[in-house]
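Protein chains in written order, with my numbering: chain A, 18 to 263; chain B, 44 to 310; chain P, 179 to 603.
Hints were generated in silico from the structure; no laboratory data involved.
Warning: the hint list may mix true and false statements.
[Claimed, not checked] In the DSBU-like style, the derived pairs of lysine-lysine whose C-alpha atoms are separated by at most 35 angstroms in a straight line are:
| # | chain 1 | residue 1 | chain 2 | residue 2 |
| --- | --- | --- | --- | --- |
| 1 | P | K416 | B | K135 |
| 2 | P | K271 | B | K135 |
| 3 | B | K157 | P | K416 |
| 4 | B | K51 | A | K256 |
| 5 | A | K256 | B | K64 |
| 6 | B | K157 | P | K481 |
| 7 | P | K481 | B | K151 |
| 8 | P | K336 | B | K151 |
| 9 | B | K75 | P | K481 |
| 10 | B | K244 | P | K481 |
| 11 | P | K416 | B | K64 |
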Amino acid sequence: MPTSGTSMEIGFNQHISGQFNSDLEAIRSQMMEMGGLVERQVASAIDAITTGDTSPADEIIRREDDVDKMEVQIDRECTQILVRRQPAASDLRMVLAVSRVVRDLERIGDEATKIAVHALEVNGNSSGYCQQSIRYMGVEIGKMISGALDAFARCDVDGALDVVRNDKLVDQQYSAALRELITYMMEDPRSITQAINILWILRAIERIGDHARNISEQVIYVVSGADVRHSSISEMEEKAHKEDDE
Amino acid sequence: MSIIENHKTDGQPFSENPKLKARDVRVFYGEKQAIFDVSLDIGANEVIALIGPSGCGKSTFLRCLNRMNDTIDICRIEGEILLDDENIYAPKMDVVPLRARVGMVFQKPNPFPKSIYDNVAYGPRIHGLVHHRDELDEVVEKSLQRAGLWNEVKDRLHAPGTGLSGGQQQRLCIARTIAVDPEVILMDEPCSALDPIATAKIEELIDELRENYTIAIVTHSMQQAARVSQRTAYFHLGQLIEVNPTDLVFTTPEHTLTEAYITGRFG
Amino acid sequence: MTDQSLSTRVKVERSMARRRRAETRFRLYGMASILFGLLCLVVLFGNILSKGLSAFEQTVLTTDIYLDKDFLGLSRQSPESELLNGDYEGLIKEYLKESMQPSGRSERRDLYSMVSVGAHWQLQQLVVNNPNLLGDTVTVELIMDDEIDQWLKHDHEKGRHGRLSEKQTEWAQQWLDEGRLKTRFNVSFFTNGDSREPELAGVHGAIMGTFLTLLVTFALSFPIGVAAAIYLEEFAPKNRITEIVEININNLAAVPSITFGLLGLAIFINIFGVARSTPLIGGLVLTLMTLPTIIISGRAAIKAVPPSIREAALGLGASRMQVVFHHVLPLALPGMLTGTIIGMAQALGETAPLLMIGMIAFVVDVPGFINDPATVLPVQIFLWSDSPEQAFTERTSGAIIVLLAFLVVMNTAAVMLRRRLERRW
């Protein structure tokens, strides 16, 4: 049986109840599986935008259903664990975190679908608005999602903090791209329809970054017990490392 | 699981408004040391839960608080336990009035083989708290009411206490304890022999009693500790590992041993 | 999987037969031992009852006898001292001589010996109680000698003479034919003390002696035993000394009882000068003997009180004394009583130590108090079993029946007392 990552720092890897161990392991691995799926959805969507090849878009919209089902499934298993095992401390945090992370993943999936839908709309007249930004942000959020999931798998607080920092960059890039779009629209009002589509795509990418950040915050919650939602980076670093001292 | 020599208790073992203060308490059974330098405050009107695996010394520590360990010949206690800043192990301290101030409820409901009335009246009688039958009646009624048992037994006060159900017996024992009007109530796994509904009633009662009494409860059920206590103390192999507010202990315990115990990784 | 579980089932079923056989066998052993015990009991009781029941009957001769004032030299106004000294024996002999017409001295002696030597006391008693009977003819049931008694009970129906001479048998047969010789309930067995004459010997003295002795034993051993048990169990520090005391108490229970007799003789009689042969000294010695039993059973009863009750009382702030007297003692008392009764029953049947302190003496008078000379039932049984007269054999068995009845009464009382005390839930 694989070693549970959260208990890495704890000297007691195994629960007395083996079933409890495998239950926890099951929701974690299913979450990772869902994470992988969502990651691929996002990557395909970004591809569709940047390459102008809209063929994966339909596939993305179809697989959106799978993501939703997985969210419901994992959430139900989390509820089961809460009811049957009354987990405490790190186990409790793990279950709560998984439940929150799957919600974020599902939202990411939604955003990916949105991107795919808009990709179909902009299809054909890829005028190249903000292509640079979209490509850059797409790469960044791809790294953020996989970074957040990796951090979760390894209970790596520093990795999680990196993701949070990256989110700042994505936000900055988003603001820059927004300004760029505004200039396009001011120059040529006919481009507004197209620009709005791009705007929606940028917005979706930015939201995905936020969700990846939320996932990273859950990593910190699982590992240190500190609730770092709605905190600044410096507060986060402080809280995340405070309880590593022991 | 390695034991930490001279472990300093994590968390907040001291209280701002302590009722009982234990300082460097060491307990020996013959040659064997059962408790290692435990320092802990029990605050006034708080419920503190003592948890830990079997044989961790939590019951032993609890029984030190009203000197129930005196009855064990080979048991030796060092350090101080102060009740309102008065050392209960001082030579001039008499255990009889001490136990009237620090009452105890045991694991197994143990009513006397007497009537319900006599069970509750026993404490006030031996301590001479009442002088007339009327007063005694009043004390008995009040105690049974506080223990939430009055409505169930008011028609059969002179029926044997041992004829009640397990949960009722335990509430009778609590009524018997509070009839003496103690300041502190010690409970040694009071629900371990009871069904969930009786347990829920006792837990509800503990919550109500907190207004007037200071309560220390030893429990094997972590859910129970989480439900009834304000602070939780975790004992491990005779050491007090961690004391913290209960919500912290059960979400983010400071010590890895506490974590391992409450998540069910040993114990 | 299925195969395996099936074979397990088959194995279990196979072993069941063996197990059932073993169980049946064991049950049979148990039943056999109980049957054996019952058989022994039946034989014992049968033997005792068959021999002893006749002791409760007595042969008497219904006689109309004229209380001759002149022969006795008494009048209705004579003082009691004179009434006591009248020649009643002569009167009976005179009556016999006239009614049966014996020829020669040896026949006369035979005739006279057929009536008990106690018979004239019957007349004496009659006259002393009511001097007005003098000069009248009274009907008395004269007690017959033990040999007539035995003849009537055992030999008559078989047509044997037994220990009677031919002439005596003839006379007895004549009385029998007249319907005057018969058996009646033997009151004197319960009202008389010991006697050399079997037909006059009774167990009253022994019963009183036993009763007084047990009274002394109980009065001393119960409080001392209970106090010792409580102290050892509840208060005594657990150290070398108490350990030695405990071991010695346990050893004392196994000491041969005659040793206690020796001890009583050496200490109570020789050093403290207590009178020998009295219920007091008997009670003292039996106290020594029963104390270990009572202490041991008392401690067991105290140990059986659930510690939770003790803890409950201590936790409420009861002192150790209060714990003991309010909670432990009431719960332990039934058990202690049982132990005491067992000890007392033991004491009731004890003979050996009493021999050492002189309770084997021949005591005719019924003791009135604990310092009167007395004997006790088992010693009485021992004495009678040693006597040569055949009639004493049945008295012996009769006394054993009385002793057993005593035991049954005591045990029943104990059970009832215990049940009454245990009723308090």
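Does the structure keep P/K416 and B/K64 at a Cα separation of 35 angstroms or less? Given pair P/K416, B/K64 holds - Cα atoms ~32 angstroms apart, limit 35 angstroms.
With the threshold set at 35 angstroms, check whether the alpha-carbon distance from B/K75 to P/K481 stays at or below it. Satisfied, since the Cα-Cα distance of roughly 26 angstroms is no more than 35 angstroms.
Tell me if the straight-line CA distance from B/K244 to P/K481 falls inside 35 angstroms. 34 angstroms, holds
Quick one, are P/K416 and B/K135 close enough, alpha carbons at most 35 angstroms? The hint holds at about 24 angstroms.
For a C-alpha distance cap of 35 angstroms, please report whether P/K481 and B/K151 respect it. 19 angstroms, holds
Starting from P/K336, check that the Cα of B/K151 is at most 35 angstroms away, please. 75 angstroms, violated
Assess, step by step, whether the Cα of A/K256 is no farther than 35 angstroms from the Cα of B/K64, and give holds or violated. Holds, at about 32 angstroms.
If you draw a straight line from the CA of B/K157 to the CA of P/K481, is it 35 angstroms or shorter? 20 angstroms, holds
Does P/K416 lie within 35 angstroms of B/K157 when you go C-alpha to C-alpha? 31 angstroms, holds
For P/K271 and B/K135, compute the direct alpha-carbon distance and say whether it is at most 35 angstroms. Since the Cα atoms of P/K271 and B/K135 sit roughly 92 angstroms apart, the hinted pair is violated (cutoff 35 angstroms).
Straight-line alpha-carbon gap B/K51 to A/K256, limit 35 angstroms: 23 angstroms, holds
In this structure, the earlier hints numbered 2, 8 are contradicted, and the remaining ones agree with it.
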